[in-house]
Amino acid sequence: MVPMSYFVGLSALLFAIGAAGVLLRRNVIVIFMSIEVMLNAVNLAFVALGRRLGSMDGQVIVFFVMTVAAAEAAVGLAIIISIFRNRETINADELNLMRW
Amino acid sequence: MTPGVFMFLAALAVISALGTVAQRNPVHCLLALVATLLTLAVIFIGLDAVTVGFLQAIVYAGAIMVLFLFVIWLLNLQAELRSAPGYLALKAISAVLCAALAAELFLLLRHAPTAGGAQAAAPPGYGSLDLLATTLFADYLVAFEITSVLLLAAIVGAVALARREPSRRDVTAQAMAAGATTASSERGA
Chain E
779 MVPMSYFVGL
789 SALLFAIGAA
799 GVLLRRNVIV
809 IFMSIEVMLN
819 AVNLAFVALG
829 RRLGSMDGQV
839 IVFFVMTVAA
849 AEAAVGLAII
859 ISIFRNRETI
869 NADELNLMRW
Chain B
-11 MTPGVFMFLA
-1 ALAVISALGT
9 VAQRNPVHCL
19 LALVATLLTL
29 AVIFIGLDAV
39 TVGFLQAIVY
49 AGAIMVLFLF
59 VIWLLNLQAE
69 LRSAPGYLAL
79 KAISAVLCAA
89 LAAELFLLLR
99 HAPTAGGAQA
109 AAPPGYGSLD
119 LLATTLFADY
129 LVAFEITSVL
139 LLAAIVGAVA
149 LARREPSRRD
159 VTAQAMAAGA
169 TTASSERGA
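These protein sequence lines map, in sequence, to chains E and B. Residue numbering for the first sequence follows our numbering, starting at 779 and increasing by one per position. Residue numbering for the second sequence follows our numbering, starting at -11 and increasing by one per position.
This is chain B alone, in the form it adopts within the complex (with noise of 0.2 Å):
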């Protein structure tokens, strides 16, 4: 990777990452995002790592954000308003508190033992299918088995919190149709 190839992706990622924090509707955060993570793929492409860029794009600017998608339009988010009460200081703080995070991480990596010095060329194969799944399927065994278990548990945990009780439909419907007549009513008053 050229260091222009590398100052335009760069460029790329912190401009759709800012977007991402900085839009106020959610849907445009949403493809600021889809933006950042497919340009950090064609970075880890550029990392020799192949197989972890293709799965990049796919596992994640593909499923996850259709998730976020779905949820968006769920709940029919609407943009915030632009005239948000109040927190002036608190938003003060942390933007220092930001900068500073940033100040500190790039010296602390800039002396990590491994940050500087040239890079050796990549072993032949680096970053293939065959080595990833040699890697993880010999040395991270356990890892990726406890991994699986993890996953079970959050399809069981995701559907157990999402599904509306049946015992309680009613009262929950009930109790949104009066949400929703006393927010009316507080909007046309």
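Chain E with its partners taken away, still in its complex shape (with noise of 0.2 Å):
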């Protein structure tokens, strides 16, 4: 049997690597893949844990952390389109519209 700390540290891990790919990365694209990364060690975590509690609870809530998954990138894909559309790039260095 697997430790249930083992899960919990490779949950620790990924996450840390998604947050990496967030502060490091210019392409929105690749940053949007990173909070994927971040949101799945989360999901890692409720899973591992509810296993340990026997609780469905914790499936559940991943459950929805996947809608939310899927309305975030649908509407953060269109944003990223759409930025595209009037500046021709989605480097996040030269995006500066919201700087006064």
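There's no promise every hint is true.
[Unchecked claim] Which stretches of chain E does chain B cover? Using the computed rule of at least three CB atoms under 8 Å from a CB of chain B, they are: (1) 791 to 799; (2) 848 to 854.
[Unchecked claim] Now the in silico label distances, taken between C-beta atoms and shown as ranges: (3) B/121 <-> E/874: 39 to 49 Å; (4) E/877 <-> B/138: 29 to 39 Å; (5) B/121 <-> E/877: 47 to 57 Å.
For the record, the hints were derived by calculation from the structure and aren't laboratory data. None of these values were measured; they are calculated from a predicted model. Glycine residues also receive a C-beta, built at the ideal position from the N, C-alpha and C atoms.
Reassemble the complex: the two chains are provided individually, in unrelated frames, and hints are given to aid placement.
Next comes the structure, spelled out in structure tokens:
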């Protein structure tokens, strides 16, 4: 049997990798993918700790996280298309529309 | 799940997550991300969360990733240039912050009351579609209904954002053409 702390440790590692992607990359789509990695790391923690407690609540919350991730991807990618149409770039360093 | 299988899956997940973050070509990033998601789906199934594991493979690695792929192809993205200018100090600070975040999470989760200890055997039917649906439609019914409103808002919002306004089409096309000419002339010069 694998100890539950291994799963939780893997979840922490994946979350840190996703956070590094958000901070280090400049391509907005890759930043989005890093956010998906972070969401999945949290899903893993939910499933592992729910399994440890023997309750289904963790898995139901994973279900909701997937739904929110789908909504986020749809709206976020629409925003990216809209930005690309106006600015011809999706480099986060060149997007300064909200700077004053 | 035996420790050997877990170690293999964990290594696969970490390597492909690093690939997602580190690759230059967005399509390669996406492929690595699909590998991460599928590995996590297998880990979910190993944790007796069979339904959620299959949902992960179908919804995440299937539907959401296809959406990403369509956008990457629609925008015709190229691989980034290797010699990115500047920001070295910022990158160093970011790397240090991420290492600190990982250490913090390790410490925090190691001391979580449920993290350690031996796991009991799963109750019969744990992770099955039956039990998931019973929990979802009994205890979480309100949240489920609110989710449907969220999805509706997301659909309307995505269509409204990505739609090109008809009255401004000519203006936008002219602006894009002008931008393309300027860009090509700059590239030529």
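Hints versus structure:
1. Counting residues of the region 791 to 799 of chain E whose beta carbon lies closer than 8 Å to any beta carbon of chain B gives 9, which meets the minimum of three for the stated coverage.
2. Only residues whose beta carbon comes within less than 8 Å of a beta carbon in chain B count, and the region 848 to 854 of chain E has 6; three or more means the coverage holds.
3. A hinted range of 39 to 49 Å for the beta carbons of residue 121 of chain B and residue 874 of chain E is consistent with their spacing of about 48 Å.
4. At about 30 Å, the CB distance of residue 877 of chain E to residue 138 of chain B agrees with the hint of 29 to 39 Å.
5. Evaluation of the 47 to 57 Å hint for residue 121 of chain B and residue 877 of chain E yields a pass: the beta carbon distance comes to about 48 Å.
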